[in-house]
Amino acid sequence: MISGTAITEIGGAFDFDEDGPILAMEALCKNYQLGSHQLRVLREIDLTIHSGEYVAIMGPSGSGKSTLLNMIGCLDRPSSGDYRLGGQSVADLDDDELSMIRGARIGFIFQSFNLIAQLNVVENIEIPMYYQGFSERESDERARELATMVGLGDRLEHRPSELSGGQQQRVAIARALGNDPLIILADEPTGNLDSQSGSDILTILDRLHAEGKTLIVVTHDEHIATCAERVIRLFDGRIDKEEFNKKR
Amino acid sequence: MVFFRLKRTIKLGVKSLWMHRLRSTLTALGIIFGVSSVIAMLAIGEGASRDAQEKIAQLGSKNIIIKTAEPPEDQSSVGQQQTLREYGLTYADAERFQNGIPDVQVIVPNRRISQQASYRNHRVAIEVIGTVPWYPEISSTRLKFGRFLSSTDMHYKQGVCVVDERVVKELFVFDDPLGQDVKIGADYYRVVGVAAETSQTKGGDDLETKDGTGAKKAGGANVGGIYVPLTTVKERFGEMSLQITAGSGGTLERVELQEIIVQVRDINMVMGTRRSLETLLCRFHKKNDYEITVPLELMRQAKDFQRIFTIVLGSIAAISLLVGGIGIMNIMMATVSERTREIGIRRALGAKKRDIVFQFLSETLLLTLSGGLLGILLGSAVPFLVTHFGQMRTVITPTSLVLAFGISAAVGITFGLYPAYRAANMDPIESLRHE
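Protein chains in written order, with the numbering used here: chain A, 1 to 248; chain B, 1 to 435.
Note that these hints are calculated values from the structure, not bench results.
Worth double-checking, as some hints may not be accurate.
[As the list claims (entries may be wrong)] Which chain B residues stay away from chain A? Per the calculated CB distances, all over 12 angstroms, these: (1) S16; (2) M19; (3) H20; (4) L26; (5) S49; (6) R96; (7) P133; (8) W134; (9) E165; (10) F237; (11) S337; (12) A348; (13) A381; (14) G390; (15) L401; (16) N425.
[To be verified] Taking lysine to any residue and the SDA-like style, the derived pairs with C-alpha atoms no more than 20 angstroms apart in a straight line are: (17) K15(B) / D140(A); (18) K11(B) / E136(A); (19) K353(B) / D96(A); (20) K352(B) / D76(A); (21) K11(B) / P160(A); (22) K11(B) / D96(A); (23) K183(B) / N268(B); (24) K15(B) / D76(A); (25) K144(B) / P71(B); (26) K11(B) / E138(A); (27) K303(B) / V395(B); (28) K7(B) / E141(A); (29) K353(B) / R77(A); (30) K15(B) / E136(A); (31) K15(B) / T25(B).
All residues carry an ideal CB built from backbone N, CA and C; glycine is no exception.
Only chain B is shown next, with the shape it has when bound in the complex (with noise of 0.2 angstroms):
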């Protein structure tokens, strides 16, 4: 009986809003771009978060990352034609972290040279990464074939490289990549292993400002990274860089090392150890010539923002569906006394306040989830087209439909409620008088 009485309800509901068709639309509009835009909104927003906290999680979340800054120009260097400037993080501090740091597990000194490789007639600038061999298990770096650089290699100092899945691409178009040359500089290089792309090797683009050379002079960004052992491009590529500035002539630049990678046991030692590595650094160098990045740091600031964003957009969008929300009740208090003399008319043909109650505020559910489902729809085609068209990242979540269900239903009961109450409180004398 329950389900009869429902469905007649609803049965009775449309038909009310169908009479009223255009008046229903536009009422229904405040609800249908309220639900949109907060399904929109948290679309965007969750891509944002979610490309961040990738990208960050990429880093590491128990590393700690220093890298070599350029110190802020001092007075001796201005004028003069040609200077050796040195600065940078050194071998000497990687030593100092692991003597000195009790924490740290794992240290992974890094080279990184702009360089131009060639192989056959191919020629692509990429970034030389002149690391250690436990240089995979800091990194979210996976090899796809062959090895990894080895301790022999370094040892011996050996001409063998891991090459980037991008500058395979770039290289070899048909051919195994595995047991062939590659020319980087002026020497040649075995191929070893070839390495699963990372946004850390993207990364690598900014410093490319700063020690490149080579790879500036071939103009564009470089395509990837080849991994090549320490030793051997200390051995090779020397330490030594020649900056080009435009007026004065070249100044050259001895950096022993671009970054070194820290990790420690434990997430919670992260930002203890940054301390200690700070005040050790600080010790050392005189010069501001390093910087600290925290991933585990970056992800909390990723969260916090998020969190803001989360605030700032659910205001906008509650601001507009309470909007949405009060033109629903505007209407619904027409419509209750539009319809003064039906409602004296089924009070006298026995219906109970409750029923008048049910009648109207059902109606405001049907108008409300009608403009929630129409919202979904809409919101959920809003971030496609910024995916397609802005080239940003946006994530539905099955959770933010529901939500935003939820609120429609919640809409139409706050504000069909009241006026609901006021149609089932009319005295069915006056109500069925009433013209």
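This is chain A alone, in the form it adopts within the complex (with noise of 0.2 angstroms):
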């Protein structure tokens, strides 16, 4: 019902193929002009993921997966080849549509929580909402909901510097949560936490897998991979690597 309100907003621009898969990419290249020189951080990435899927991205600094991560948020174009986002084409969407498509397609969950400072927890969940033209009232329940369900009940009108560091990046995922994603994308979530932090963030992770959300987490941490069911390896911007694990 909240997704079918998020593509009424975005009014019938992205049609959504229920078959297909949730992510293609194919030969996606990002280069970037440093004066002369040409830097080429994507070269030809084919990927495909589907949906309920669980990926994890890794790959040594410098090796293109920030790029790859901005490229799969939407936050950047591609240089050449096309990309794909549940079944609509962002290679050619102007600034506006590629707002809309993340505000209404990608949950962020970032490394260091990106909450904003004056907002307490409901606020800062409701943020996405707001932006897709949720009404207060439903936005303000949803927004309780979900932190209570990362379980945050009862911190509702905390400030972000009153909450430890795991707490804080509960109310990111939750607030990646409020608009119903196709992808729920994290970059290092538990790269500025404490182990036992990180290991609460990953289960949370892990449930969200199970109840069917796409998760695509970008990590070098190879504790996060194996969480994952299929690992892909950048390297020197190309996908160097692609392992599967077993279904735990």
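Using the hints, put the two chains back together into the complex; each one sits in its own frame.
Rendered as structure tokens:
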């Protein structure tokens, strides 16, 4: 019902093909011009991810992880090649359309949580819903529900500065779920956390996967990689290796 | 939905501004002072202008006032102990105006003498205004009780008078003035009417120095005017007066009329008639012993002055608002770069560029409009204080309030747009990486 609202807001522009892959990249390249020198960050990436998958993207620094993450998150446009998200080609959307597609289809989780300091827990969770045009009552109700779901039911009115790192990341997860996205995109979700909080976060991600959400986690932590079903290793802007973990 | 967004945006704006209370207040101060100075200046200007306009309007916009003026001392009189000086407007002048100038509708010749009036044991300094029965036609003087002077009074040189309200207050504390006899100079006059107070009789103060003898000795300015038939005044007071000057003894002066007020048929004829009057007077008066006042001209001058005044005040206010606006822009630029990361987060979570523009613009507007409201409050208090302590008339017009509020909104939009635009055009990836 909530995704229904989101789609209506976007209008008929995005037709979602239920049976096809959620994410499909074909020969995707990204180049940056540095003076006269052209830096090729992503080279001919072919990647297909289906609904309900739990994918880890790994690789050393400079391998193009962050750029690929920005690409998947529709924060950037490819230099060449095609990227289809939920059947919708992203390569030639304008800035507003990219914003809409981010707001409707992607749930972001960041390494440094990225909560807004002057807003409390509920208000932070409401942000994506606000830009999707949820009504006040609807978004407030849903934000409280989600906060309770990640175990912050007793911290609803707290500011980020009054929460621990693990709690802040849980708020971020709740925020990522607000608009019922196609993909939850996590960038080093445990990178700033102690091991206990980190494993709490991984447990929540596992639970989300079990509920059928599609998760893409960018990390260089091998431990996270073992949680995922599928590990994609990047090297020098190419997909170097792909591994499938056994279902646990 | 739009309403919900607006409400949320305002709520968010208030939160952000509240987080930096001191900074917000200091920033808003520029607008507060700018707006309050606009309002205060306009109120003072408007009050002064209305005061002037009212005073002039009381003189009558279709009137031309010709007053006797003491001519510059001529050689023959210097050094002589006592001479007879003859100058000023005459009955012949009035007649010539009547016959020689076509557009003249009413002519009122006046004689003004400073005197003492007494009733029972009350004495006051007053001005005797010897005038004609049609005086009310050209004046803003209104009768409160009784009647004005009649042509019969004129013809028979009756000892009757119409007293000013202020005189009534001084002389007849408890009695009904109608029918009472007032002693002016050496004679008694019966009160037939009471006239409402006007500023024209106040204006008579400056004449007092010229032909004032009795009242000067009594000390203090006269408190009001008493209207007496012109013929009666001519008969009883004559046309001579003794001018006492320090050291050289006294000078006898002979002045027939202190003023002639001419009313023309139409307001468009005022300036033309003024020129004709001047030509005519020039021919018969060798000495420069008269001055012509045209209320309409004064009114125009007052309006011109008011326009200049408004332009000057407006420029000062505009500059202060400009400075305030630049201050706001400066702070908003700082706010935007301080909140780069927030902008990145919002963009990643689905905010369009226009959402960001809207957010920062409404924050600036919130700042300037609340500054504007406080400015209106402060700006309305200042004229009140000026009136109370400075004895100056001030008028706060609703237009000035609307104008001030509109200006603060305009300042908010003008100086908020660029920072908001800068915020919206930040690269989301870069801003997310921003520390």
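Hints, one by one, checked against the model:
The non-interface label for S16(B) is inconsistent with chain A: the shortest C-beta to C-beta separation is roughly 6 angstroms, within 12 angstroms. With a minimum CB-CB distance of about 5 angstroms to chain A, M19(B) fails to clear the 12 angstroms threshold, and the non-interface call is violated. For H20(B), the condition that its CB be more than 12 angstroms from all CB atoms of chain A is violated, with the nearest at approximately 10 angstroms. The claim that L26(B) lies off the interface holds: its Cβ sits roughly 19 angstroms from the closest Cβ of chain A, which is beyond the 12 angstroms cut-off.
No beta-carbon of chain A is positioned within 12 angstroms of the beta-carbon of S49(B); the least distance is around 49 angstroms. Residue-level check passed: R96(B) sits 86 angstroms from the nearest beta carbon of chain A, beyond 12 angstroms. In this structure P133(B) is separated from chain A by more than 12 angstroms, as the shortest Cβ-Cβ distance comes to about 79 angstroms. Listed as a non-interface residue, W134(B) keeps its Cβ farther than 12 angstroms from every Cβ of chain A; the least gap is roughly 76 angstroms.
Look at E165(B): its CB is around 67 angstroms from the nearest CB on chain A, clear of 12 angstroms, so calling it non-interface holds up. Chain A leaves F237(B) outside its interface by the beta-carbon criterion, the shortest separation being 86 angstroms against a cut-off of 12 angstroms. With 12 angstroms as the threshold on Cβ separation, the claim that S337(B) sits away from chain A holds: the shortest Cβ distance comes to roughly 16 angstroms. Non-interface call for A348(B) relative to chain A: violated, since the shortest CB-CB distance, roughly 5 angstroms, does not exceed 12 angstroms.
Separation of A381(B) from chain A is adequate, the least Cβ-Cβ distance of about 33 angstroms exceeding the 12 angstroms criterion. For G390(B), the non-interface assignment is confirmed: its Cβ lies about 46 angstroms from the closest Cβ of chain A, beyond the 12 angstroms cut-off. The non-interface label for L401(B) is consistent with chain A: the shortest C-beta to C-beta separation is roughly 33 angstroms, beyond 12 angstroms. The Cβ of N425(B) does not lie farther than 12 angstroms from every Cβ of chain A; its closest approach is about 10 angstroms, which violates its non-interface assignment.
Note on K15(B) and D140(A): the hinted pairing holds, with a Cα-Cα distance of about 18 angstroms set against a maximum of 20 angstroms. As the CA atoms of K11(B) and E136(A) are separated by approximately 13 angstroms, the hinted pair is consistent with the 20 angstroms bound. Of the pairs offered as hints, the one joining K353(B) and D96(A) holds, with about 7 angstroms between alpha carbons and a cut-off of 20 angstroms not exceeded. About 14 angstroms separates the Cα atoms of K352(B) and D76(A), which keeps this hinted pair within 20 angstroms; it holds.
Between K11(B) and P160(A) the alpha-carbon distance is near 18 angstroms, which keeps this suggested pair within the 20 angstroms criterion. Taking the CA atoms of K11(B) and D96(A), the gap is near 24 angstroms; set against the 20 angstroms cutoff, the hint is violated. For a cut-off of 20 angstroms, the pair hint linking K183(B) to N268(B) is broken: about 44 angstroms separates their Cα positions. Only pairs whose Cα atoms come within 20 angstroms are accepted, and K15(B) paired with D76(A) is rejected, the gap being roughly 31 angstroms.
Proposed proximity of K144(B) and P71(B) is contradicted: the alpha carbons are some 38 angstroms apart, above 20 angstroms. Only pairs whose Cα atoms come within 20 angstroms are accepted, and K11(B) paired with E138(A) is accepted, the gap being roughly 18 angstroms. Between K303(B) and V395(B) the CA atoms are separated by roughly 16 angstroms; this keeps the pair inside 20 angstroms, and the hint holds. A C-alpha spacing of about 18 angstroms is found between K7(B) and E141(A), which places the hinted pair at or below 20 angstroms, so the restraint holds.
Restraint check: the Cα-Cα separation between K353(B) and R77(A) comes to about 17 angstroms, which is no more than 20 angstroms; the hinted pair holds. As the CA atoms of K15(B) and E136(A) are separated by approximately 18 angstroms, the hinted pair is consistent with the 20 angstroms bound. The suggested pairing of K15(B) with T25(B) holds, with an alpha-carbon distance near 14 angstroms, which does not exceed 20 angstroms.
When held up to the earlier numbered hints, the structure conflicts with 1, 2, 3, 12, 16, 22, 23, 24, 25 and fits the remainder.
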